[in-house]
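A.B. asks: Read off the chains here:
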Amino acid sequence: MATILSAKGVTKRFGGLTAVDSVDFEIEEGSIVSLIGPNGAGKTTFFNCITGYYTPEEGLIQFQGKPTVGMKMHQITSLGIARTFQNIRLFGNMTALENVMVGQHPRMKAGVIGAITHNKATREEEARVTTHGRELLRFVGLRGKENNLAKNLSYGEQRRLEIARALGTEPKLLLLDEPTAGMNPQESLAMVDFIRKVRQEMNVTILLIEHHMRVVMTISERVTVLDFGVKIAEGSPQQVQQNPRVREAYLGSSEMHI
Amino acid sequence: MTPAIRSGLVTGTLLLFFILIGIYTTFEALTLSGVWLTIQGATASEIAAQLPTATNPQFSRVFTVFAALIAGMLAARRAQTFAAQISSAVIANAIAGAMVAIALIFASALYANKLDVSFVFEKVKAETVAALLFEQPALLGGALWIVVFAAFGALGAALLRGWRALAVAQSLAASTQRSGLTANRVQTILLALAALFLVIAPQFIGVYWNQVLGSIGLFVLLGLGLNIVIGFAGLLDLGYVGFYAIGAYTIAVLTSPAYPFQWGFWLALPVAMVAAAIAGTLLGIPVLRLRGDYLAIVTLGFGEIIRIIYKFNPLTGGPQGILNVAPPTFTIPFVNYTVAFNSSTPFWYLIFFTCIVVAFIALRLNNSRLGRSWTAMREDEDAAEAMGVDTTRIKLLAFGSGAFFAGLGGAIYASRQQHIFPDDFTLLVSINALALIIIGGLGSIPGVIIGSIVLIGLPEVLRPIADYRLLAYAALLVVMMLVRPAGLIPAARQRREFRERDPELEVLESS
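Residue numbers (numbering that gives the first Met the number 0), protein chains in the order written: chain A, 0 to 257; chain B, 0 to 510.
Hints may contain errors.
Said to hold, decoys possible - Simulated restraints, written as ranges between beta carbons of each label pair:
| id | chain 1 | residue 1 | chain 2 | residue 2 | range |
| --- | --- | --- | --- | --- | --- |
| 1 | A | ILE112 | B | GLN417 | 34 to 42 Å |
| 2 | A | THR129 | B | LEU457 | 38 to 46 Å |
| 3 | A | ALA189 | B | GLN79 | 53 to 61 Å |
Stated by the list, open to error - In silico EDC-like pairs for lysine to aspartate or glutamate, Cα to Cα no more than 16 Å straight-line:
| id | chain 1 | residue 1 | chain 2 | residue 2 |
| --- | --- | --- | --- | --- |
| 4 | A | LYS144 | A | GLU156 |
| 5 | A | LYS71 | B | ASP381 |
| 6 | B | LYS310 | B | ASP389 |
| 7 | A | LYS71 | B | GLU380 |
| 8 | A | LYS150 | B | GLU378 |
| 9 | A | LYS150 | B | ASP379 |
| 10 | A | LYS65 | A | GLU25 |
| 11 | B | LYS310 | B | ASP381 |
| 12 | B | LYS310 | B | ASP292 |
| 13 | A | LYS108 | B | ASP422 |
| 14 | A | LYS7 | A | GLU57 |
| 15 | A | LYS71 | B | GLU378 |
| 16 | A | LYS196 | A | GLU134 |
| 17 | A | LYS144 | A | GLU134 |
| 18 | A | LYS7 | A | ASP23 |
| 19 | A | LYS108 | A | GLU123 |
| 20 | A | LYS7 | A | GLU233 |
| 21 | A | LYS108 | A | GLU57 |
No lab work stands behind these hints: they were computed from the structure.
Ideal placement from N, C-alpha and C gives every residue a C-beta, glycine not left out.
Pulled out of the complex, with its shape left as it was, chain A reads as follows (with noise of 0.2 Å):
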């Protein structure tokens, strides 16, 4: 299989502190990644210089062979980069369905002109973009919501809205951080089938930053681990479960909870 995003020496600093030091990291295209690492690891940090949020002092990102170090957030978004925040970020005053069709953004076309004159294309892409917002929120379970505000829905709804937005932007790698977070363990589950479900029907490849254990072993075809912004371990969950420096990051033992 490709290889969808390849990030080669990524170093982002802070004044002194080097949140992530030279990071080489690889996604198969169609796979599902999970980034893991302590409080502070540089995780985050990553996320921000893959979306553009950051751009990195040193070292190459490249996504499907374009390099994209530099770039702005919305460009970066617009090739198919697609995320969720760790503390949700919705538009929390606009309704359900406006939110995703905010996401679509990238994918239409109106301008100012179109706007005031109200054209043919103008009226026949709203109309478009409607319905797709509309399918996605079912796609979310998210159907008879359309209409209330963001900030009113609960909060899993507001995970699972969160996701359909970034879908809206019709991405290829899907980055997830900490979809999970707050959730019990039923609700992790139902998250994790959730992702799965994502990555089949809506074809994308997915990276997410979890601290939950038992979803990164179960959903997770490859695991990188980082700490103090260095990359300490990669491989299958299982590889990476037996491996010392892991356990010993975790813990500052060998023993590791799971």
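Based on the hints, put chain B in the right spot on chain A.
C.D. replies: Frame of chain A, contents of chain B only:
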């Protein structure tokens, strides 16, 4: 019961304050015929010549009744049951009435002992005290104050109850499709009537009110433009008046005989608008990274810079400004009738037409892909960018299109006034425009219109109460923001935001 007592003490203190600063004394000099003459545009000396100077208690009594009604509403607004609403209004107002009564009885006792209170409190004359005590013996008058104030407070509480019930009934009606349609039809008819009135009325209402209507219209234009920047895109821009100034100065330089160009109005108008839009976009670039209050301070500085450049630049006339700005000329085709723009009436039609066009454009912009991304950016800029929205581009578009309409307003303003001075473009204009869109309802287009009528029109209507009009006006703004924080006509989105935070309404709806 503590809130009721507190509310009563506040009302009582306010009333005493009003009495001391002499609102009642002013009201006593007011008569209905005097107000009517003012509305027709008579000057103070003309009115004085026509009317005898007798004191007249009718307006001060109306003021007392209004104060009692509002105090009753405010005291009752937190209570849940009808009985509790009535009783807290009665208690609060009886306390307020008692405070005033005690003060009045005390004052009249001092006067009875030949002590002149007005030596200290200038506005509390013997006649004023007597009038306030309903021309009754002091004790009876004081008792009347308590009874009257409490009774009207109870009425106020009842009105509040009725008004809320009506609001609930309306929102319930709006939620069913059928009555929603009828509501729409009623709205259309009302709008058509209002438009008809605005087209016909300028022929009859005289020069003064034409001028007022025109000023309201110009502020509607300003508000509509600023509403794009603040209401839609959420960028707190306090330097907005700068673009108004650029529009005005561009048209002045291009059309005034003091300069070599001497273009016609219609040729200079698009240049003025484009110049303002370019300035808006250029000034947008350095503030792209700023948000919220920081943005407000920086744009405030820009607005002042633009004014001061005009003020100290001899090319634009310095502090003396530019005179003889050309008015538009307009010939109706086929009939060859030339409209003379020599009074405020034709300017009003120009402003009215422009407002309709700009409101239409703003509405379309808001209900589009661009409007959606503006809202998204207002909610969460990073998340919007992560969803593929080019926030740099849409920010500059918001600044540019807002400035474009400000330039249009400024151009019309300059040619209506026929002369402009740098001090026509102070920060106060930006603040007024901001206040009117907040009072009307942030992001709401009908709100801009209502807000500008309230904010620009009301001070004119309040002219009969002379010195107190700005006080009354400021008090109204404070009360408005406390009672309707979402604005007079909130945008649909804002209405949802606030409605869902109002648990009381939800309880009422579910019952």
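A.B. asks: Now, for every hint given, state plainly whether the structure supports it.
C.D. replies: Hint check:
{"no.": "1", "hint": "A/ILE112 to B/GLN417: 34 to 42 Å", "verdict": "holds, 35 Å"}
{"no.": "2", "hint": "A/THR129 to B/LEU457: 38 to 46 Å", "verdict": "holds, 41 Å"}
{"no.": "3", "hint": "A/ALA189 to B/GLN79: 53 to 61 Å", "verdict": "violated, 41 Å"}
{"no.": "4", "hint": "A/LYS144 to A/GLU156", "verdict": "holds, 9 Å"}
{"no.": "5", "hint": "A/LYS71 to B/ASP381", "verdict": "holds, 12 Å"}
{"no.": "6", "hint": "B/LYS310 to B/ASP389", "verdict": "violated, 37 Å"}
{"no.": "7", "hint": "A/LYS71 to B/GLU380", "verdict": "holds, 14 Å"}
{"no.": "8", "hint": "A/LYS150 to B/GLU378", "verdict": "holds, 11 Å"}
{"no.": "9", "hint": "A/LYS150 to B/ASP379", "verdict": "holds, 13 Å"}
{"no.": "10", "hint": "A/LYS65 to A/GLU25", "verdict": "holds, 14 Å"}
{"no.": "11", "hint": "B/LYS310 to B/ASP381", "verdict": "violated, 40 Å"}
{"no.": "12", "hint": "B/LYS310 to B/ASP292", "verdict": "violated, 27 Å"}
{"no.": "13", "hint": "A/LYS108 to B/ASP422", "verdict": "violated, 44 Å"}
{"no.": "14", "hint": "A/LYS7 to A/GLU57", "verdict": "holds, 9 Å"}
{"no.": "15", "hint": "A/LYS71 to B/GLU378", "verdict": "violated, 20 Å"}
{"no.": "16", "hint": "A/LYS196 to A/GLU134", "verdict": "holds, 15 Å"}
{"no.": "17", "hint": "A/LYS144 to A/GLU134", "verdict": "holds, 12 Å"}
{"no.": "18", "hint": "A/LYS7 to A/ASP23", "verdict": "holds, 4 Å"}
{"no.": "19", "hint": "A/LYS108 to A/GLU123", "verdict": "holds, 11 Å"}
{"no.": "20", "hint": "A/LYS7 to A/GLU233", "verdict": "holds, 15 Å"}
{"no.": "21", "hint": "A/LYS108 to A/GLU57", "verdict": "violated, 35 Å"}
Of the numbered hints listed earlier, those contradicted by the structure are 3, 6, 11, 12, 13, 15 and 21.
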